[in-house]
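For the sequence shown, the working numbering gives the first residue as 1, with consecutive numbering after it.
Don't read these hints as lab results, they were simulated from the structure. Small disclaimer: the values here were computed from a predicted structure and weren't measured. Every clue listed holds true.
Label-pair restraints from in silico Cβ distances:
# : residue 1 : residue 2 : range
1 : Arg129    : Glu65     : 33 to 39 Å
2 : Ile83     : Gln253    : 21 to 27 Å
3 : Gly397    : Arg129    : 32 to 38 Å
4 : Glu398    : Pro157    : 47 to 53 Å
5 : Gly276    : Asp115    : 30 to 36 Å
6 : Pro70     : Lys266    : 35 to 41 Å
7 : Glu398    : Gly41     : 54 to 60 Å
8 : Asn355    : Glu132    : 25 to 31 Å
Note that beta-carbon positions come from the ideal geometry of N, C-alpha and C, so glycine has one too.
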Amino acid sequence: MLISCAGMRHSVVIILILTTRCTFSQAAHEYITVVGCFDNGPTEVTAVFNAEELMYADFERQVIEYTVPPFLMLDPGEVLKDIAVYKNAKKVKNLCLAIMAYCRAEEKNPPEEKDPPESIIYPAEEVQRGVENLLICFVNHFYPPYIEVSWTKNGHPVSEGVSLSRYYSNDDLTFRQFSTMTFTPREGDIYSCTVEHSALETPTTRIWEPDFSHHSHGPDVFCGVGLAFGLIGVAADAFFIYGLIRCQFTSTQDVVYLEQIYFNKKLIGQYNSSLGKFVGYKKYTKKVADNLNKNPSMLKQERKNEEKCRIHVPLAYYVFSKTVEPYVRLRSAELISSRHPIVLICSVYNFYPKNIRVTWLRNGEPRTSDVTFTDELANGNWLYQIHSHLEYTPRLGEKITCMVEHASFKDPKHYDWDPMPESDRVKIAVGTAGLLLGSVVLLAGVIYYKRNRTGRVLVPVR
Numbered sequence: 001m002l003i004s005c006a007g008m009r010h011s012v013v014i015i016l017i018l019t020t021r022c023t024f025s026q027a028a029h030e031y032i033t034v035v036g037c038f039d040n041g042p043t044e045v046t047a048v049f050n051a052e053e054l055m056y057a058d059f060e061r062q063v064i065e066y067t068v069p070p071f072l073m074l075d076p077g078e079v080l081k082d083i084a085v086y087k088n089a090k091k092v093k094n095l096c097l098a099i100m101a102y103c104r105a106e107e108k109n110p111p112e113e114k115d116p117p118e119s120i121i122y123p124a125e126e127v128q129r130g131v132e133n134l135l136i137c138f139v140n141h142f143y144p145p146y147i148e149v150s151w152t153k154n155g156h157p158v159s160e161g162v163s164l165s166r167y168y169s170n171d172d173l174t175f176r177q178f179s180t181m182t183f184t185p186r187e188g189d190i191y192s193c194t195v196e197h198s199a200l201e202t203p204t205t206r207i208w209e210p211d212f213s214h215h216s217h218g219p220d221v222f223c224g225v226g227l228a229f230g231l232i233g234v235a236a237d238a239f240f241i242y243g244l245i246r247c248q249f250t251s252t253q254d255v256v257y258l259e260q261i262y263f264n265k266k267l268i269g270q271y272n273s274s275l276g277k278f279v280g281y282k283k284y285t286k287k288v289a290d291n292l293n294k295n296p297s298m299l300k301q302e303r304k305n306e307e308k309c310r311i312h313v314p315l316a317y318y319v320f321s322k323t324v325e326p327y328v329r330l331r332s333a334e335l336i337s338s339r340h341p342i343v344l345i346c347s348v349y350n351f352y353p354k355n356i357r358v359t360w361l362r363n364g365e366p367r368t369s370d371v372t373f374t375d376e377l378a379n380g381n382w383l384y385q386i387h388s389h390l391e392y393t394p395r396l397g398e399k400i401t402c403m404v405e406h407a408s409f410k411d412p413k414h415y416d417w418d419p420m421p422e423s424d425r426v427k428i429a430v431g432t433a434g435l436l437l438g439s440v441v442l443l444a445g446v447i448y449y450k451r452n453r454t455g456r457v458l459v460p461v462r
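Start from the sequences and build out the full structure, keeping to the hints where you can.
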């Protein structure tokens, strides 16, 4: 959607050129580039595919940073070498505040939309004592897209090894962000992640501590405990504007192209290739849409943009064809208050793409009762993890299996539960080896004795 007013048309065009969204309509995959700005804050330019970041504009260093993982074997800089990505991003940065002022004036300063964040804290990898890991504080479903995150270890602030990602857009027009902290788990340590946002009356703190015993209540994934620390300092009354170009397709021949502008979390106008025209949803954008629909050159340009959208289809399919095989860990934990004495936990780490299925089998048959599971948890680096739990009462001769189905597997993989702890297996193995060695020594002694006894002649003594 192009806002056609004095000094404004080109600025909005640039936002939309840099803002691309591609959706596989059958499987709901997306390629998105979002440009957004506050009326009293920063401007960000990011590109993501299926919620994972591809690149962003670093305005301090005046470069585009590509963040695709190595397993994609893709060089976005080469793919986009003919597009002046940073130049366009810089123009957006310079003009976005003017667009914001225009929209605020037309909207007569409406009340700001606000959604409080949800947060969860969890480790990126299987927790092992003394082995370096990454603790993730995932903050989701907040609006406007500005938060502050702080970490503590045993009550003391931590700044070393801490990072905060850029914000990413959700389908419900809210945002998400990752904060991570490098740590080495040791028994007794307590970590916390505190989130501040203008929609929260008080900051929210999530607490996590490593558990190396077999008495935990589940995986090391916690929503934690909310604690209040007083008033927050996150910017208030911040209005936000961003635009999207959406390429929806099931193939290169079935493409729907849309351009959209959102202000204060509401769609104010768009171009829709299915309709072949611009549509306004506010009084002032309806006038803009009518003027643009009377401009043949603008409509011709939109048809060209639709054709350009088709270029993204093969690239999107290429990216989605890449997979990363997960690793799986089975463990048990005692349950304090349950009709079952233990819970079995099947943890699946570091897989891509996101879609996965985890099923419990009892003697080869699916088990659905007493089963719970987490959502696919993002690590913030294209990789995911998921944890499934089975409350369980052991029975003699029963076989329990965790079955994992994923695009990286040719066939489903089965992981059988061994109720014997690793330490006990080692002890038995050592004991068995000792017993075998003793038996060999004893047998050798018997053979030696018999051979020597056979060669002797008893002489009677008178």
